[in-house]
Every structure is written in structure tokens, then in C-alpha cells.
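Number of protein chains: 2
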Amino acid sequence: MSSTQYRIGWIGTGVMGVSMCGHVMARVASVTVHNRTRDKARPLLDRGAVWADTPKQVAEASDVVFTMVGFPRDVREVYMGENGVLKGARPGTILVDMTTTEPALAREIDTAARAKGLHAVDAPVSGGDVGAREARLSIMVGGEAEIVERIRPLLETMGKTIVHQGPAGAGQHAKMCNQIQIAGTMVGMCESLIYARKAGLDVETMLTSISGGAAGCWSLDNLAPRICKRNFDPGFFVDHFVKDMGIALEEAKRMNLPLPGLALAHQLYVTVQALGYGRKGTHALMLAIEHIAAMSDQA
Amino acid sequence: MSSTQYRIGWIGTGVMGVSMCGHVMARVASVTVHNRTRDKARPLLDRGAVWADTPKQVAEASDVVFTMVGFPRDVREVYMGENGVLKGARPGTILVDMTTTEPALAREIDTAARAKGLHAVDAPVSGGDVGAREARLSIMVGGEAEIVERIRPLLETMGKTIVHQGPAGAGQHAKMCNQIQIAGTMVGMCESLIYARKAGLDVETMLTSISGGAAGCWSLDNLAPRICKRNFDPGFFVDHFVKDMGIALEEAKRMNLPLPGLALAHQLYVTVQALGYGRKGTHALMLAIEHIAAMSDQA
Chain A
1 MSSTQYRIGW IGTGVMGVSM CGHVMARVAS VTVHNRTRDK ARPLLDRGAV WADTPKQVAE
61 ASDVVFTMVG FPRDVREVYM GENGVLKGAR PGTILVDMTT TEPALAREID TAARAKGLHA
121 VDAPVSGGDV GAREARLSIM VGGEAEIVER IRPLLETMGK TIVHQGPAGA GQHAKMCNQI
181 QIAGTMVGMC ESLIYARKAG LDVETMLTSI SGGAAGCWSL DNLAPRICKR NFDPGFFVDH
241 FVKDMGIALE EAKRMNLPLP GLALAHQLYV TVQALGYGRK GTHALMLAIE HIAAMSDQA
Chain B
1 MSSTQYRIGW IGTGVMGVSM CGHVMARVAS VTVHNRTRDK ARPLLDRGAV WADTPKQVAE
61 ASDVVFTMVG FPRDVREVYM GENGVLKGAR PGTILVDMTT TEPALAREID TAARAKGLHA
121 VDAPVSGGDV GAREARLSIM VGGEAEIVER IRPLLETMGK TIVHQGPAGA GQHAKMCNQI
181 QIAGTMVGMC ESLIYARKAG LDVETMLTSI SGGAAGCWSL DNLAPRICKR NFDPGFFVDH
241 FVKDMGIALE EAKRMNLPLP GLALAHQLYV TVQALGYGRK GTHALMLAIE HIAAMSDQA
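Protein chains in written order, with my numbering: chain A, 1 to 299; chain B, 1 to 299.
Hints in this document: simulated from the structure, not taken from any laboratory.
This one's a predicted model, so the numbers in the text were calculated from it and none came from an experiment.
A portion of the hints provided could be inaccurate.
Lysine-lysine pairs mimicking PhoX-like chemistry, simulated, CA-CA at most 20 Å apart [as the list claims (entries may be wrong)]:
#1 A:Lys253 - B:Lys87
#2 B:Lys56 - B:Lys116
#3 B:Lys116 - B:Lys160
#4 A:Lys198 - A:Lys229
#5 B:Lys253 - A:Lys198
#6 B:Lys229 - B:Lys198
Please model the complete structure; the sequences and the hints are all you need to start from.
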């Protein structure tokens, strides 16, 4: 049968999940949802999704189960817990974790799924709340090629760049690469902006000189202007970014790979959290950089 | 008179200078050139530029003198030396240093120029050899607004983004902002690429997932593919980038501003030099990152 005829399960209806599940719903006949806080699933229930009390019950009612939750511990509970997905899924069910989580955990779920005749796919995304809303996500996919192709039409309802990266865990690894690049870019951007201010430049005038050339990047185009307006509302939460960098550093350690730039970015973002800005957007790194600069001035 | 009627002097005809001076030549009647190595000025002499044996003699023959040399010590010698520009320039002459150099040196030249009734402008560029050749440079300009406007038509022959950043030294400061952003971006990129390889991803496939989103940047688009092809030919020399970062760190120290990300990038690039890759392009950072990773593997 075509993937749009699958009965779909969706677990995790936060800011990202509610948009993403909404796109899938528009293309399929049956969607069963679960979320820790039922209220957040309301927009989907209003459109005809069926509520289930546990991840297990979602799996029982579904051919393909998507999960988009918060932290690795949540992923573990949703899949492996007493009332988890693995308890309810029948053989042949496809499990698609779109949470950014540990590559090692993705492989662990894959192994547990195989033992029950299930198929696991890891498919973390980038593009943030706007990308989720506008179905323009980049989806990085790990798992068996044949299974990935089977669910591709469903993924295409949510994203514009869907790339199969390799076996189980490879989607998570690709997402780590994304976050490592962003970590370096953000440190460069905030240090550039604080230098400009201290040197007496007009920051926006400086940006007109550098944004179009070899320093050009998405962050300069999209986040630097928000910093100039002192708008630190989240596109993507600092807390989640710190989680992601922590995962990448752990994996790197496992691979005997030193990543000093990422380690520094991680520490600076821990400073952002320590200052109380964990629920601000990643560009709140600027607030920590400013804080450190101000301390140095007073020294 | 219109700026294209000025008699132009040009000092420094390296890879960048020869292209840039060529663009100016196409629009003006008279160009006098000097370079440490006369041979490199040959293409310009062949097109009718007049040779001068010293910077002083260039200045004597010119209404506007452009300089595009290598290091701050070269700039100092060209302007302040025994046979320097300041010795030959008549009152009213405009001196435009396009070398990336110390903001403090730009202000020093400005002060010395004023004392002789001359006008100093600092106008470093970004865009590399390709930008110079195709007249698509970003030119960051410091100096008096009225003087900057007078030479704008000349700058427009060389670049597409010409922005007045403020008083003497402001052009150099803006260029430092450019380099600080690039430093962070490059560290993020190379760490992302080494992580991908160690994790067993296909690097080019990984790039298709991350290049179009929030991790997107000029370096991923232009330098990562060269790294994949193991082509480390210079767009922009490691040695020059290390110089620029050193200047930014010195200026930051002067401003009591800690820039840990830049300091780390600088150290990693010093490692690139130590490995003998100073005359490779900035993306040769990857060679140092690989070297460090290989050492860690053997430990």
C-alpha cells in the first residue's frame, strides 16, 4: 500500500511536533496522537486526530509511528518504557524518531526494534519552528534504504531536503555535523558583533560590509538583525542546543576525536544557561559574550 | 575635477593589487606604479602604467595613491620610510591604504598625513583573488566622509560593496569583524567535516543536508567542496589570515575584550603554519584538524 494509506501515530506535539504532524495529517486518513501534556495536542485533536493515553497505545493503532520529543531520556522512555512504543508495535511497524538524540541511542533502538521484527529510522531535522510550520525542514535520515524510501512521501510533507545519510544513527550524526557548524558560526558572529561595538563601529553598517562575502552565513542574515533589535525570542532554544552539543561532544569522545571549537562553544552556551537564558534563542549567546566583556571592563 | 581625472599612484602589485590596479587603470588617464619586485608590475607596465623606483616618487607623481602591500611593517615602511609616500606627497593628496593592517596604524598614518595637509583613508577589502579579478570586492572604508565620497568612483571600479564605516581606522576595524566571523565559521566547518568522516558518513552527502539551512555559509558552499577534492590551493593565504587574526587579538586586548573563539582559531591556524601549510588556502585548517585527530587516534 502507498505510505499515505498507512495508519500514522505521532508522539510529541510540542512547537515542532504539532506543525509537523499537521502536515502529515493533511495527507493521510488516520492519525493517533499522544503527548505528555494533552493540551498541546489540542489543535490536532480538533482536526480529527485520535488521542491515545500512552506511546504503547499509539503503536498498537499505527503502521508508522513518529516521535518528536525533547531529550534522549524522553526518547528512551517513549520507546523502551513500560508503556513504550516497543511494547505495542506489531511486526513490520516503522518507527521514526525525529528528535535530535544520541546516535548511540538510535542504534540501540534499531537493535531492539529488529529483535521484534520492527523497522527503526532516525530522522532528526533542522530548520526550527519556522521550517516546521512552512514544511521546509531539512530531514537527515538514518536506517535501511528500502524502509527510508517507503516513508519518503510522508517525510516530504514536512521537509524540502530529505537525505538518506546511511544506516541507523547516521541521521543523528549528520544532525551533529549541522550543530557543530552552527556552534562555530555563532561564536564567530557574536565575537564579531562585540568587537564592532567596542571598536565604536555602527554594527548594522558593519554588517552591510561583511554579510555578502566570505563571512556570509545564515546566522548573520537571520540572527544578527535580531540581536541588533535586542530580540532574543527563541527560534531554537539555548537549552536544546546545549543538549545537542553535549551529545556531539560525547560521541566525539567515543571516537577519540578532540573538537576544541565545539567544546568552547558548549562552555559559552553553558554560561548563557547560567545567566538564566536557557529558554531564549541560540543568538542569546550574545548576552553571555556581552556579560563576559562587561566583567573584563570592570576588572 | 572628477576623480577619474586624478593622476593615480599604485604601490603593491601582488595577486590582489595587480587586478585591482588594472580595474582603476581602465578608467583613468595616468597611473604610476611601484612594487618591491618590479616583475610583478609587468602586466600593468605593458598596459601603459609608468614605473617609479620608490613610494616617494609614486607620491610625487600622483593626486591619489593606493597601497596594497603585505604586512603592517610593509605599510609602515611604504608610508613612513626614508623613501616613503609621506616624503613625496604634495598637500591635498589622498592616500588610500587597502592593505589589511592595524587600525592603530591606520590612525597613526592619518595623524601623520594631516600634519602635512594630506588625506588618509583606510580601505581594506574582502573577496580574495577572485573578487579582485572580477571587481566584486567588499571595500570597508575609514576616513573623512567628504574624502571618501571623492574617491568613491575609483573604489567602485574595484568593488561592488563600498561602505563608509567611520573615521580613520574604522575600515580596518570592520575588516577585523569580517575575519572574526570567518575564524569561527572555519573552525565549525572543519570540526563538522572531521566529525562526519570519523562517524562514517559520506561527507558530500552530509553537506547536502546541512548547507541549505541554519548551518549554511559561504565557507560550506565554496571551501568544503575543495576540501572534499583535497584541493588546498589558496584563495586566501593561511599566513595572511594568521596576520589578520593576530591584529584583531591585539586590538581586542587593547579594548579589554576577551575573544576566546578567535584566540582558539588563531592557535589552530598557527598549527597549520607549523605543519608547513602557511602558503595554502585558509581551508587548509582541515589539514591541522586531521593531524590532531590522527595523533589522538594513535594515543
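Do the hints match the structure? See the list:
| no. | hint | result |
| --- | --- | --- |
| 1 | A:Lys253 - B:Lys87 | violated (60 Å) |
| 2 | B:Lys56 - B:Lys116 | holds (14 Å) |
| 3 | B:Lys116 - B:Lys160 | violated (32 Å) |
| 4 | A:Lys198 - A:Lys229 | holds (17 Å) |
| 5 | B:Lys253 - A:Lys198 | holds (11 Å) |
| 6 | B:Lys229 - B:Lys198 | holds (17 Å) |
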